[in-house]
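> For the protein sequence lines, the chains are Z, E, G, R, U and C, in the order given. Going by my numbering, the final residue of the first sequence carries number 224, and the count climbs one at a time with no gaps. Going by my numbering, the final residue of the second sequence carries number 224, and the count climbs one at a time with no gaps. Going by my numbering, the final residue of the third sequence carries number 224, and the count climbs one at a time with no gaps. Going by my numbering, the final residue of the fourth sequence carries number 224, and the count climbs one at a time with no gaps. Going by my numbering, the final residue of the fifth sequence carries number 224, and the count climbs one at a time with no gaps. Going by my numbering, the final residue of the sixth sequence carries number 224, and the count climbs one at a time with no gaps.
What the hints contain is simulated information worked out from the structure, not anything from laboratory work. In this text, a Cβ means the ideal position worked out from N, Cα and C, and glycines have one as well. Incorrect hints may have been included.
[As the list claims (entries may be wrong)] Derived lysine to aspartate or glutamate pairs resembling EDC-like cross-links, with alpha carbons at most 20 Å apart: (1) G:196 with Z:208; (2) R:141 with U:121; (3) C:196 with U:121; (4) U:196 with R:124; (5) C:175 with G:159; (6) E:175 with U:159.
[What the hints assert, rightly or not] Footprint (simulated), chain R over chain E, 3 or more residues, beta carbon under 8 Å: (7) 50-64; (8) 89-102; (9) 170-178.
Protein chains: 6
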Amino acid sequence: MPGVVIQHIPRAPTAVIDALAACGVATVHEAQGRTGLLASYMRPIYAGARIAGSAVTISAPPGDNWMVHVAIEQLQPGDILVLAPTSPCEDGYFGDLLATSAQARGCRGLVIDAGVRDVRDLTEMSFPVWSKAVFAQGTIKASLGNVNVPVVCAGAAIEAGDVIVADDDGVCVVKREKAAEVLAAAQAREANESDKRARLAAGELGLDMYKMRERLAALGLRYV
Amino acid sequence: MPGVVIQHIPRAPTAVIDALAACGVATVHEAQGRTGLLASYMRPIYAGARIAGSAVTISAPPGDNWMVHVAIEQLQPGDILVLAPTSPCEDGYFGDLLATSAQARGCRGLVIDAGVRDVRDLTEMSFPVWSKAVFAQGTIKASLGNVNVPVVCAGAAIEAGDVIVADDDGVCVVKREKAAEVLAAAQAREANESDKRARLAAGELGLDMYKMRERLAALGLRYV
Amino acid sequence: MPGVVIQHIPRAPTAVIDALAACGVATVHEAQGRTGLLASYMRPIYAGARIAGSAVTISAPPGDNWMVHVAIEQLQPGDILVLAPTSPCEDGYFGDLLATSAQARGCRGLVIDAGVRDVRDLTEMSFPVWSKAVFAQGTIKASLGNVNVPVVCAGAAIEAGDVIVADDDGVCVVKREKAAEVLAAAQAREANESDKRARLAAGELGLDMYKMRERLAALGLRYV
Amino acid sequence: MPGVVIQHIPRAPTAVIDALAACGVATVHEAQGRTGLLASYMRPIYAGARIAGSAVTISAPPGDNWMVHVAIEQLQPGDILVLAPTSPCEDGYFGDLLATSAQARGCRGLVIDAGVRDVRDLTEMSFPVWSKAVFAQGTIKASLGNVNVPVVCAGAAIEAGDVIVADDDGVCVVKREKAAEVLAAAQAREANESDKRARLAAGELGLDMYKMRERLAALGLRYV
Amino acid sequence: MPGVVIQHIPRAPTAVIDALAACGVATVHEAQGRTGLLASYMRPIYAGARIAGSAVTISAPPGDNWMVHVAIEQLQPGDILVLAPTSPCEDGYFGDLLATSAQARGCRGLVIDAGVRDVRDLTEMSFPVWSKAVFAQGTIKASLGNVNVPVVCAGAAIEAGDVIVADDDGVCVVKREKAAEVLAAAQAREANESDKRARLAAGELGLDMYKMRERLAALGLRYV
Amino acid sequence: MPGVVIQHIPRAPTAVIDALAACGVATVHEAQGRTGLLASYMRPIYAGARIAGSAVTISAPPGDNWMVHVAIEQLQPGDILVLAPTSPCEDGYFGDLLATSAQARGCRGLVIDAGVRDVRDLTEMSFPVWSKAVFAQGTIKASLGNVNVPVVCAGAAIEAGDVIVADDDGVCVVKREKAAEVLAAAQAREANESDKRARLAAGELGLDMYKMRERLAALGLRYV
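Isolated chain Z (complex conformation) (with noise of 0.2 Å):
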């Protein structure tokens, strides 16, 4: 049954998904309700990248990695490829010739569940890359697999075009039609946050500053 790929997705305004990198997966979760995380075991093969793009999700077999090729040819600039195996894998899918290729079409990154490769050369290309590991194993290109469908990525369920923010905490997917909503709800709370802040820095406390003191006496919190 496999076999689909979707030429055309919609997605979200680019200054959108700018703001949305700026603010931080952090701010972006919190400010959809605490929704949208992937899963912990996503990490950055380096520190310090901090994206936003729309989602080309790949829907792959284990070990193969065929679909990879398919999908970058529909990339368009500021795109984030999205790979989710079918079943729990830890090959190494993506690798520098795949990300070269990537690159020269705009694409801002990857987040894989599964593996990826030669991870020091995407460091010194500055093309990061969320995954669930490192590994060099190499896969095949012997199977069908999908192309824009929605997945559910590292525990998260995403479409093709949603957007995806990551940074040093993670990855967070936010759904395309609601990300001029979340955007808004994440500046608001970026500007609330730079006052408390500084607040906290010159030594007021929390319990102060959000006025927890009584609510805690009245559920019984004992000094003892």
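Once you have looked at the hints, place chains E, G, R, U and C on chain Z.
Chains E, G, R, U and C in isolation, oriented as in the chain Z frame:
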């Protein structure tokens, strides 16, 4: 039954604590009879931090970071926050706002058998954290826990005021009342090691330096 | 039954070994038919190391590092220590003193299916280690193991004198007697890749470069 | 944002559901193109159960089982409860009292990506559960979640009313609107298998029955 | 520093211990404020055992079961052996010979944060074990550990003489000095539950029985 | 490079193999110097099976079970299939049809470092399997592997014709050429154990029976 904050805890002398930090985790662990290590999954969010401090302990419900606010009020300069959830959890209890507040009170770092977020900010702030996971998952403020009660954190029993030593090798706890004694043993070990290091660097073999050959032969070691 | 040290082991030519290091783990693994990788949990203690060397193997009891001392005497310049515990263990068998000793004898690094400690010192010494864990847990010197016998390390069968290649992607073993042949294949692969890389960087698609479109269509790939 | 209970959900016909149960997980999974499996860590608390039912889904905060009570009211005879925590958790959300209540409403079992307790009682009651863990850890009733919203449970996307099939092999989800079609394919597969089984039992080889020899030879299989 | 055997330990009254066994792990854990559980990976080697007893604790080096022999001499009828290795280990410290010896002294079972073997024999002997692993790996008798010192076993702090309760749900520890008080709370809980069970079995909803509807509505639960 | 089937493999005498089965995994493992165990995650799909047989090995690509068909033709009565994937995989390579075929040729069971399905059928057929996972995930038939080449399966090096012993304690491999010698040692060990068992059952302590007290005292064991 939770809901207790113990306000006055004994602490080891600052000079002892700081000297333990200089010895490092591996030496301190050896000096106290190979005890006190937290589980190996407790990893630092960035390399190079090397701290020691008095434990301010937090026992918190899964996914609820309210007691962190309560604990921060109990911090004195030189303390380290130690959080153990009451059941396994990897949610992100702690981020840059809490770190700002803790750092404003002189806190040296956090040891948490759960998740942490905003790791890029924490790195820039030089606020070190040893955690089970990096995970942006937000937490709530709904239930009471305890502050400065004995906890088991990542497999180690820790009481408030015990000395926490943490570096790139992980985390070790030293019972407060034994801190001076352990320090003496650790420093003796260090003195002893620098001589050994020089001899080994010059090419002398451990087999000879430690006079192991005879005992190995007695046990039947065969060179073929 | 343990207690054997095999003193004379064959080694591959240094030029072959060094050239394999330059090819890197992913290329070497591909060049020998996608075999030889150690498990993906074997991670370097710091980024950027890229080595190859002849395996000096150690089979050691859990929590007992005595045979490391025995193995160090067997090291020749260019060797790599490979330690496999006889049952799963993450204790810290190896630290800065042993690294000093091994480095003094020309050892290029350690591959250990267990724990390592003093990782800050090892990093400063530029002594690379690929391990299952970073863990300060001390070990004893009570029981015999074997040196230079065949071992299974992190899922790979390794004999003394086999060539170990290790970099940021992990660890790969090359059978000693095939080292030259594998090198030739690896270098051919590399030559081939630089042309591909240039074409991909210029925007050519893998679908076209590898002439995949027809085969994909034959299997039924549908663009919708 | 949580706090929604969807009361009216579509369900597949009972006859289809029951027939899917009879086919079993492996056959149903194959019949729908090898899709729909939940992760392999979802294990039954006792052997021999084989059920299917309509999913009543629960999205619950970590360590908070309040929404299970809410969901039970939504149960109709033949339903299966499906619980996904909003972050990883193995607490025991469900025990014999809740099972008594669910069973009284005709619930056929529970699929939970978290923990379950009172497993001896549940076994005696013949109330089957597939879970990530058996764990007695108690939960609270403090925060809202959702009932009958789409969830990702153990890696599978599930909507309320989808058909859950569960047996000793694990758990599979069938999209409600495809249930009849999948059943037809599963039954065709079963019919086909009984003939094959007889021939294999009589000693015929799969190599011959499936006419594989020629294709294997063409790919280069060598008998030595 | 290890090498201590504490010979005289306090124990809770047998009647209290036996009554705690009858309550079971989940009820006892709840009765003491949801504390005392060992990690969920501690699983019984066979279903149906339900025991309680006084802990005779063993701190043992990895892969060394010598102290089990020492501990067996300290057993009194009704005791349970509790073994915690000094670093993570899954070797098979315990098998049918040790079980024969322990059973001859009235030992009711073993709780071990490591491996066990001869599980078929142990099952036939009705000697229950809760362990981290079933693993035949043999152990040595070379190093000292401690008997009846405080240990951390599978995440729980346990002192000699504490009451261990274990059944199909896992393992729970009750502080000896609180055993009677916890029992009273557990029995009260049980009495309370049988009424609830009957009402739930008759179809009454938890929402009504626990009067949850108003509080849920107040928090904003929406039925749609 | 894969694609080899070695047709003629040596086997140990049936009498030796059957006698090893009677000894069981723990005894055989001890008798050969505590070697040969497969990883503890290899668990039987049902309790009570106790088999031994000659290994027919399969090296298979991830998610591709084609070579199982090829291997079945190579089976002789008394053999055991041993499957190692070329990269980590938990797909269900094997189910009731393959078991029917294997059993028709006298195969005694399967040891697979991956998944198995149809476990209810396999249990009813009395076809035992030791596996890493129970998982219904289907596999394909697209790529070649090898039959009867040396493999590493769950951490143990296994050659075709080696004797596999498997029971409730797990799986152990005995090198074919040492099978008779290991059997003699195992039987000697068993004879020795029955006397010990009787003495321990009568209340004699291991401390006395093995004359451990003096050595413990010499090492400094202190009774307090």
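> Quick one, are residue 175 of chain C and residue 159 of chain G close enough, alpha carbons at most 20 Å?
holds (17 Å)
> Is the listed coverage of the stretch 89-102 of chain E by chain R valid when you require three or more residues with a beta carbon under 8 Å from a beta carbon of that chain?
holds (count 3)
> Is the hinted pair residue 141 of chain R and residue 121 of chain U satisfied, with a Cα-Cα distance of at most 20 Å?
violated (44 Å)
> Taking 8 Å as the C-beta cutoff, is the stated coverage of the stretch 50-64 of chain E by chain R satisfied by three or more residues?
It holds, with 3 qualifying residues against the three required.
> Take a quick look at whether residue 196 of chain G and residue 208 of chain Z sit within 20 Å of each other, Cα to Cα.
violated (62 Å)
> Please count how many residues of the stretch 170-178 of chain E have a CB within 8 Å of a CB from chain R and say whether that reaches 3.
Since three or more residues must qualify, the claim that chain R covers the stretch 170-178 of chain E is violated, with 0 doing so at under 8 Å.
> Taking 20 Å as the top limit, are the C-alpha atoms of residue 196 of chain U and residue 124 of chain R close enough?
The given pair, whose Cα atoms are some 18 Å apart, holds under the 20 Å limit.
> Given the proposed pairing of residue 196 of chain C with residue 121 of chain U, does the C-alpha separation stay at or below 20 Å?
holds (15 Å)
> Measure nothing beyond the straight line between the CA atoms of residue 175 of chain E and residue 159 of chain U; if it is 20 Å or shorter, mark the hint as holding.
holds (17 Å)
When held up to the earlier numbered hints, the structure conflicts with 1, 2 and 9 and fits the remainder.
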